[in-house]
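**Student:** The sequence shown runs contiguously to residue 665 in the numbering used here.
Everything labelled a hint here was simulated from the structure, so no lab data went into it. Ideal Cβ placement from N, Cα and C applies to all residues, glycine included. Treat each hint with caution, since some may be false.
[What the hints assert, rightly or not] FRET-style restraints, in silico, Cβ to Cβ:
1) His454 - Val544: 18 to 24 Å
2) His382 - Asp526: 39 to 45 Å
3) His527 - Ala494: 41 to 47 Å
[To be verified] Computed list of lysine-lysine pairs in DSBU-like fashion (alpha-carbon distance at most 30 Å, straight line):
4) Lys647 - Lys377
5) Lys377 - Lys467
6) Lys457 - Lys377
7) Lys457 - Lys467
8) Lys647 - Lys467
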Amino acid sequence: MACDVPTRALRFGIKTTPMHLAYDEILRVWEEADELPELDDAWLWDHLMPLAGPPHGAVLEGWTLLAALAARTSRLRLGLLVTNNTLRAPAHLGKIATTVDAISKGRLIMGLGVGGTRQPDGPHPAAAEYAAYGFPLPSPGEGLARLTETITVLRRMWSEEVFDHDGPFTTLRGTRNGPGPVRPGGPLLLLGGWGNRTLRIVAEHADMWNVPGPPHNSTEWIAERARILDAHCAAAGRDPAEITRSAQVVVDYAHPAATRSHIRALAAIGIQHVVLALPRPYPDKAARWLVDQVVIPVRENSA
């Protein structure tokens, strides 16, 4: 029963990856989830080409799709898990995000990550889409510096009437952002990532931290990453409890008990928010199935 309290306190999100799927298939899951109070939020991703399956398959652009889904829902918090920071200029991204925040009446969570970078041990999984859409892959150090600059620009766009910015990659003059965000100070900032340098940025800036969990990464690995985040928080003089710990779990339709077991293990190491990623194709009433087979049993601590 040691996991009873943390599992009861868990918040749950649902993720629909817009790859090899039509808009209507995603919309029906979001509209169903919007009617289920057991689900707190809903998420997309941010890629321009498929990362799996046929390379010629359909992919819907993340922020455009998010705006459409924001207009068709009324309760769910929503965001991209996570926005690829290298695909849009910082102030342009701020304007896009503010627009979605306005459409959703303040339900946006600003999910953000470094995006693709050059890797010393082989090509990045998204290298093909960068080449196809004309984006250069930065070095890891440049990617992290760009992420920090974007966070600075976003914060200023959401708190200042007008400002100039002189950064390492971006120069802005007379930047205004009307209408401002619905929430004073702007949407909550979720940062995704797990590298030591990324975790330092999380410790300094994030309201939420998300990391891929099972089957991609073990609970033990996430616990080790969380300890590094705690150390960065201590170095920054920040209370680690200020950052909500979030993990993504890929749902196993055939074995929901395995999914429940992963979630209980994550709760036991301090994860407070779980994003349940739905594999395609989505079954009929997928969100209802998720609540009945995963969320409610976990919260009731039943097998």
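**Student:** The structure should be examined with respect to each hint, and the outcome stated for every one.
**Tutor:** Results for each hint:
Take His454 and Val544: their Cβ atoms lie about 20 Å apart, and the range 18 to 24 Å holds. The hint said 39 to 45 Å for the Cβ distance between His382 and Asp526, and at roughly 44 Å that hint holds. In this structure, His527 and Ala494 break the distance hint of 41 to 47 Å, their C-beta atoms being roughly 30 Å apart. Taking the CA atoms of Lys647 and Lys377, the gap is near 14 Å; set against the 30 Å cutoff, the hint holds.
For a cut-off of 30 Å, the pair hint linking Lys377 to Lys467 stands: about 20 Å separates their Cα positions. Restraint check for Lys457 and Lys377: satisfied, since their Cα atoms lie roughly 24 Å apart, inside the 30 Å limit. Between Lys457 and Lys467 the alpha-carbon distance is near 15 Å, which keeps this suggested pair within the 30 Å criterion. As the CA atoms of Lys647 and Lys467 are separated by approximately 26 Å, the hinted pair is consistent with the 30 Å bound.
Checked against the numbered hints above, the structure breaks only hint 3 and satisfies the rest.
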